[in-house]
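Taken in order, these protein sequences are the chains called B and G.
One rule links them: number in this note's numbering = place in the first sequence (from 1) + 114.
One rule links them: number in this note's numbering = place in the second sequence (from 1) + 521.
Any given hint could turn out to be false.
Below, a list of computed lysine to aspartate or glutamate pairs in the EDC-like style, where the Cα atoms sit at most 16 Å apart [claimed, not checked]:
no. : chain 1 : residue 1 : chain 2 : residue 2
1   : B       : K189      : G       : E537
2   : G       : K680      : G       : E590
3   : B       : K122      : G       : D544
4   : G       : K600      : G       : E587
5   : G       : K680      : G       : D657
6   : G       : K555      : B       : E153
7   : B       : K189      : G       : E590
8   : B       : K124      : G       : E545
9   : G       : K680      : G       : E593
10  : G       : K574      : B       : E153
11  : G       : K574      : B       : E190
12  : G       : K687      : G       : D609
13  : G       : K656      : G       : D642
14  : G       : K656      : G       : D619
15  : B       : K124      : G       : E590
16  : G       : K680      : G       : E587
17  : B       : K122      : B       : E190
18  : B       : K189      : G       : D544
Because the hints were derived from the structure by calculation, they are not lab data.
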Amino acid sequence: MANTESHKQKRGLVAIDGAIALIVILLVVQIWLLSATLETYLAGHTSTVVPAAIFSGLLFSACLALNLFVDRVDKESRHN
Amino acid sequence: MPLFRSPSKEPLWKEEFSVFTSDERYVTRRQFTKFLTLASLGMFVGNLWILVKSRFVKAPQFSAMEIAEVGEIPIRGVKLFTYPTPQDHCIMVRTSEDEYVAYSQKCTHLSCAVYYSAKNDRLECPCHQGFFSIKDGSVLQGPPPRPLPQITLEREGTKLFATGVKGT
Numbered sequence: 115m116a117n118t119e120s121h122k123q124k125r126g127l128v129a130i131d132g133a134i135a136l137i138v139i140l141l142v143v144q145i146w147l148l149s150a151t152l153e154t155y156l157a158g159h160t161s162t163v164v165p166a167a168i169f170s171g172l173l174f175s176a177c178l179a180l181n182l183f184v185d186r187v188d189k190e191s192r193h194n
Numbered sequence: 522m523p524l525f526r527s528p529s530k531e532p533l534w535k536e537e538f539s540v541f542t543s544d545e546r547y548v549t550r551r552q553f554t555k556f557l558t559l560a561s562l563g564m565f566v567g568n569l570w571i572l573v574k575s576r577f578v579k580a581p582q583f584s585a586m587e588i589a590e591v592g593e594i595p596i597r598g599v600k601l602f603t604y605p606t607p608q609d610h611c612i613m614v615r616t617s618e619d620e621y622v623a624y625s626q627k628c629t630h631l632s633c634a635v636y637y638s639a640k641n642d643r644l645e646c647p648c649h650q651g652f653f654s655i656k657d658g659s660v661l662q663g664p665p666p667r668p669l670p671q672i673t674l675e676r677e678g679t680k681l682f683a684t685g686v687k688g689t
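Assemble the whole structure, with the sequences as input and the hints as a guide.
Set out below in C-alpha cells:
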C-alpha cells in the first residue's frame, strides 16, 4: 500500500516537473516575442502587433492550462 | 475528473506548510508553477499594452520650424540643428541639387551622435561602427536595432522647414 502511494507520488512529481519544463519553454518564447514586438513597434512597424498579442495570449492560455494540470496532479497525488 | 481543484477541508496554511517532506516537494513545485504562470500573464499584458499603444495613442504632433535656406549648404554638405526640442539634435544632408534629408543624430544603439560620411554616402556612428542608409535611415550594418528617426522636411519658397518626426 505504502509502495503504491510512493509510486503514485513519484509519478505525480515527474508529471509536474514535465509541466514546469514546458511552461519554462513557453515563457522563454513569450519573452522573446515581447522583446521582438517592442523592437518592431519602436521601429515604426505596427503590422506585427496584433498577431503577436494573439500568439502571446495563446501561450498564456497554455501556461494557465498547465498550471491547472499541475494543481490537479498535486491534488490527486497527495489527497486521494 | 474535475478541472478545477475542489476546496480542501484542510485550512490553507496546512496545505501550504505541510509537516510531511513528500508534500513539501509538491508545494514548492506548485508555487513555482504559479510564479511562472504569473510571469506569462505579465508578458501577455506587455503585448496588450503595445497593442493598445499602437491603436489608441496618436503620434505627437510638432510645430514646423525653419531650419535652413535652400542652397545654404553645398551638395553632400551637412547642417546640424535641433528639432523638435533643443535637446533633440538632428543632422540634415543635401543629397542632390534639390534633395534634402534629415535624421535624428542620436544612434539607436547607445545614443552616440552619428555623422555623415560623404566618402561612403551614409550616416555612421563612430562608437560601435553602426551604419545607416542616407536614403531612409535604415540600418546597413552594426549593432543598432532600429532605423534612425527621420525628420520630415518641407520647402516653402527658399526656406526649408522641419515639420515632424517619423519612426520615434
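Could you work out which earlier hints the structure fails to respect and list their numbers in ascending sequence? 5, 6, 7, 11, 15
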